[in-house]
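There are 2 protein chains.
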Amino acid sequence: MNLEQVARRAKVSTATVSRVLNNASVVKSSTRARVIKAINELKYYPNLHARSLAGGKSRTLGVIASNMENPFFFDIYKTIESDAHAAGYEVVVANTDYRSEQLITSVRLMIGRRVAGLAAIVSEMAPELIDELNESRIPVVFYDVGTPRPNITNIRVDYRRGIDKVIDYLHSLGHRRLGFIGHHDILGPINERMKAVMDAMARIPSLEVRTAADADTLEGGRQAARSLLSSGFDPTAVICVNDIMAVGVLRELRERGLRVPQDVSVTGFDNVKLSEFCYPALTTVHIPRDRIGHMICTSLISKSGKTSVADPELVIDPEFVLRDSTGPASR
Amino acid sequence: MNLEQVARRAKVSTATVSRVLNNASVVKSSTRARVIKAINELKYYPNLHARSLAGGKSRTLGVIASNMENPFFFDIYKTIESDAHAAGYEVVVANTDYRSEQLITSVRLMIGRRVAGLAAIVSEMAPELIDELNESRIPVVFYDVGTPRPNITNIRVDYRRGIDKVIDYLHSLGHRRLGFIGHHDILGPINERMKAVMDAMARIPSLEVRTAADADTLEGGRQAARSLLSSGFDPTAVICVNDIMAVGVLRELRERGLRVPQDVSVTGFDNVKLSEFCYPALTTVHIPRDRIGHMICTSLISKSGKTSVADPELVIDPEFVLRDSTGPASR
DNA sequence: GGTGCTAGTGTAAGCGCTGCCATTTGGGAC
DNA sequence: GTCCCAAATGGCAGCGCTTACACTAGCACC
Numbered sequence: 006m007n008l009e010q011v012a013r014r015a016k017v018s019t020a021t022v023s024r025v026l027n028n029a030s031v032v033k034s035s036t037r038a039r040v041i042k043a044i045n046e047l048k049y050y051p052n053l054h055a056r057s058l059a060g061g062k063s064r065t066l067g068v069i070a071s072n073m074e075n076p077f078f079f080d081i082y083k084t085i086e087s088d089a090h091a092a093g094y095e096v097v098v099a100n101t102d103y104r105s106e107q108l109i110t111s112v113r114l115m116i117g118r119r120v121a122g123l124a125a126i127v128s129e130m131a132p133e134l135i136d137e138l139n140e141s142r143i144p145v146v147f148y149d150v151g152t153p154r155p156n157i158t159n160i161r162v163d164y165r166r167g168i169d170k171v172i173d174y175l176h177s178l179g180h181r182r183l184g185f186i187g188h189h190d191i192l193g194p195i196n197e198r199m200k201a202v203m204d205a206m207a208r209i210p211s212l213e214v215r216t217a218a219d220a221d222t223l224e225g226g227r228q229a230a231r232s233l234l235s236s237g238f239d240p241t242a243v244i245c246v247n248d249i250m251a252v253g254v255l256r257e258l259r260e261r262g263l264r265v266p267q268d269v270s271v272t273g274f275d276n277v278k279l280s281e282f283c284y285p286a287l288t289t290v291h292i293p294r295d296r297i298g299h300m301i302c303t304s305l306i307s308k309s310g311k312t313s314v315a316d317p318e319l320v321i322d323p324e325f326v327l328r329d330s331t332g333p334a335s336r
Numbered sequence: 006m007n008l009e010q011v012a013r014r015a016k017v018s019t020a021t022v023s024r025v026l027n028n029a030s031v032v033k034s035s036t037r038a039r040v041i042k043a044i045n046e047l048k049y050y051p052n053l054h055a056r057s058l059a060g061g062k063s064r065t066l067g068v069i070a071s072n073m074e075n076p077f078f079f080d081i082y083k084t085i086e087s088d089a090h091a092a093g094y095e096v097v098v099a100n101t102d103y104r105s106e107q108l109i110t111s112v113r114l115m116i117g118r119r120v121a122g123l124a125a126i127v128s129e130m131a132p133e134l135i136d137e138l139n140e141s142r143i144p145v146v147f148y149d150v151g152t153p154r155p156n157i158t159n160i161r162v163d164y165r166r167g168i169d170k171v172i173d174y175l176h177s178l179g180h181r182r183l184g185f186i187g188h189h190d191i192l193g194p195i196n197e198r199m200k201a202v203m204d205a206m207a208r209i210p211s212l213e214v215r216t217a218a219d220a221d222t223l224e225g226g227r228q229a230a231r232s233l234l235s236s237g238f239d240p241t242a243v244i245c246v247n248d249i250m251a252v253g254v255l256r257e258l259r260e261r262g263l264r265v266p267q268d269v270s271v272t273g274f275d276n277v278k279l280s281e282f283c284y285p286a287l288t289t290v291h292i293p294r295d296r297i298g299h300m301i302c303t304s305l306i307s308k309s310g311k312t313s314v315a316d317p318e319l320v321i322d323p324e325f326v327l328r329d330s331t332g333p334a335s336r
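If you read the sequences in order, they're chains A and B.
Its first residue numbered 6, the first sequence is counted upward by one per residue in our numbering.
Its first residue numbered 6, the second sequence is counted upward by one per residue in our numbering.
Keep in mind the hints are simulated off the structure, nothing from the lab.
Incorrect hints may have been included.
Copies of the same chain look alike in the list, so a pair counts if it works inside one copy or between any two.
Claimed, not checked - Taking lysine-lysine and the BS3-like style, the derived pairs with C-alpha atoms no more than 27 Å apart in a straight line are:
1. Lys62 - Lys48
2. Lys170 - Lys278
3. Lys278 - Lys83
4. Lys83 - Lys42
5. Lys33 - Lys83
6. Lys83 - Lys48
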């Protein structure tokens with residue numbers, strides 16, 4: 006089933022069918038009607054591969070995320086998807102599981118698909134990609150990592166400020182022994198969130214901080230809490246790198262008979278929907294995922310075609326959200 | 006950057022480069038090495054569109070789900086993805102948001118992409134699709150809806166049995182006034198879960214059931230609970246169509262000062278990871294999402310190529326999981 | 001020196017579209 | 001009736017790849 010058969014049936018040329026399909030240029034409305042009739046009768050759906058091969062473009066955006074299982078990433082994805090659909094684009098996703106090897110594979114896959122734009126919402130990085138990406142001439146947005154370059158926009162959240170807000174708040178409540186829970190990926194000394202915690206420690210001398218890490222899942226949060234606590238360390242507050250892990254921590258504390266916030270305070274990050282629905286509701290830091298999604302889409306879709314010269318770095322200042330999982334230090 | 010340039014650089018023909026790329030047939034290892042060198046030097050990545058156009062196939066599976074935001078769907082997707090990758094396939098997803106109009110769009114998109122196989126993990130349906138799908142000759146697996154046909158495999162969970170297990174258990178604890186919370190999609194009288202509840206009511210005369218529905222999200226669960234309770238109905242147990250909505254219900258009850266399970270029992274469905282992490286942990290029904298994912302992949306990948314004649318209908322019997330959100334009826 | 005293999009490569013015909021350019025058609029204007 | 005100029009269509013060359021099929025060595029054998 007292809008253009009030619011439709012053309013034959015409608016007694017026109019393939020070019021005309023193509024014009025109808027792309028509702029471009031002027032096709033006499035009687036002709037158009039005949040073609041559309043043929044298309045429907047034959048249940049014809051254009052071969053997208055042929056289309057993008059011939060057209061050289063693909064009206065598809067690629068989204069690569071570290072962990073779609075975490076609603077944080079998914080929320081951004083959803084916004085991108087709906088914006089893209091509104092603009093007539095499709096979206097294809099890929100997961101990296103925080104592995105930069107997988108990032109490379111995924112980027113190459115996207116290049117192979119000749120996507121019209123690529124959003125990398127990842128915290129891992131692979132330097133060799135920058136070159137490949139640049140040569141591919143695909144507009145790219147990095148969220149979280151990377152530095153701005155021609156054709157590459159960067160969107161970042163000022164995690165440091167977010168973490169600082171959390172730590173200052175906890176400090177004001179008398180907390181001095183803090184646990185910090187991250188996922189494996191965040192352990193690298195280059196990581197900004199880790200650094201923020203460490204810097205805060207330096208800034209506020211009375212602070213004692215221990216860290217633990219595990220997978221970026223509910224279960225990972227629980228495991229990390231377990232290893233943090235069973236080391237004999239006895240924090241009055243646990244700061245978590247995100248809400249999902251915080252919910253995991255909540256469970257571990259509950260099972261150990263520790264009350265939140267009376268015995269231990271817990272904080273999340275991201276302000277994912279779940280943070281309001283868990284018990285107790287999490288004190289967290291809001292990251293405007295919809296705004297990020299919109300920014301990404303705008304940047305990608307406006308850029309495809311035009312080669313913007315100066316690509317800005319956009320930094321977002323996250324907002325502290327007080328709920329029920331934090332309280333005065335108990336000891 | 007294309008095959009020809011690589012060929013020129015390696016001083017071979019495009020056919021040979023293609024052979025190397027598909028590591029097919031016999032290529033002298035010295036030649037192969039030269040080609041690979043050229044590929045790397047040029048940072049060449051094959052145009053996937055051209056590939057599938059020329060080859061007529063696409064080594065891509067399509068997955069269409071009703072609501073990827075719900076981990077139930079996502080878990081199945083994840084399994085499919087990892088199985089697919091292991092078999093050298095890629096996966097593309099689409100969401101329908103329970104709208105059959107969107108289902109149609111997505112299916113056509115997948116046909117346009119000439120996917121090697123299509124998994125529809127949806128509860129909505131559109132009859133006209135069956136024909137289109139059949140004519141497209143794409144192997145299809147439906148989860149949850151539809152009836153088996155040539156080239157279409159069906160996988161179902163016996164929801165009725167699951168619901169029955171829940172109702173019987175609650176009944177044995179003395180519960181007589183039950184709330185049933187679903188998402189909008191489930192309201193249709195044809196829906197099996199709804200029917201199961203209604204049939205149970207008929208089966209056990211002393212039962213009184215009221216239903217409420219909202220979106221398939223945490224917030225939707227909460228809203229549905231709100232409308233159920235503010236109608237003046239005072240259930241001793243609330244049965245939820247899935248875990249996510251149940252967690253939403255949990256919150257609403259908590260905010261109304263109702264204790265779970267002392268005042269009201271709550272049950273979920275699916276046994277999503279979150280059901281263990283919320284408070285109180287949900288009594289639920291386990292649906293083996295990994296098994297479903299494997300079945301889908303097996304069916305799709307083995308089928309692509311061979312035209313299996315008899316496509317079985319696979320029915321899964323779900324298992325009751327007792328946790329902390331249920332207890333004896335209070336009144 | 002022929003003949004018959006096989007292993008390794010090259011040639012070229014599409015795959016189903018799009019987009020440029022050429023061609024036809026149908027009215028006015030004269 | 002002629003001429004001219006849109007408006008509407010058709011023809012066809014690619015897009016970058018795969019895949020018959022054809023071809024060339026190189027070697028063993030009679």
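Taking the hints in turn, this is what the structure says about them:
1. For a Cα distance limit of 27 Å, the shortest separation of Lys62 from Lys48 qualifies both inside one copy, at 25 Å, and across copies, at 20 Å.
2. Taking the shortest alpha-carbon separations for Lys170 and Lys278, only the intra-copy value of 20 Å comes in at or below 27 Å, while the best inter-copy value is 31 Å.
3. For the identical chains of this complex, Lys278 and Lys83 are neighbours both inside a copy (14 Å) and across copies (22 Å), given an alpha-carbon limit of 27 Å.
4. Taking the shortest alpha-carbon separations for Lys83 and Lys42, neither the intra-copy value of 35 Å nor the inter-copy value of 40 Å comes in at or below 27 Å.
5. In the homo-oligomer, the alpha carbons of Lys33 and Lys83 never lie at most 27 Å apart, since the shortest distance is 39 Å inside one protomer and 48 Å across protomers.
6. Taking the shortest Cα distances, Lys83 and Lys48 never come within 27 Å of each other, neither inside one copy (30 Å) nor across copies (32 Å).
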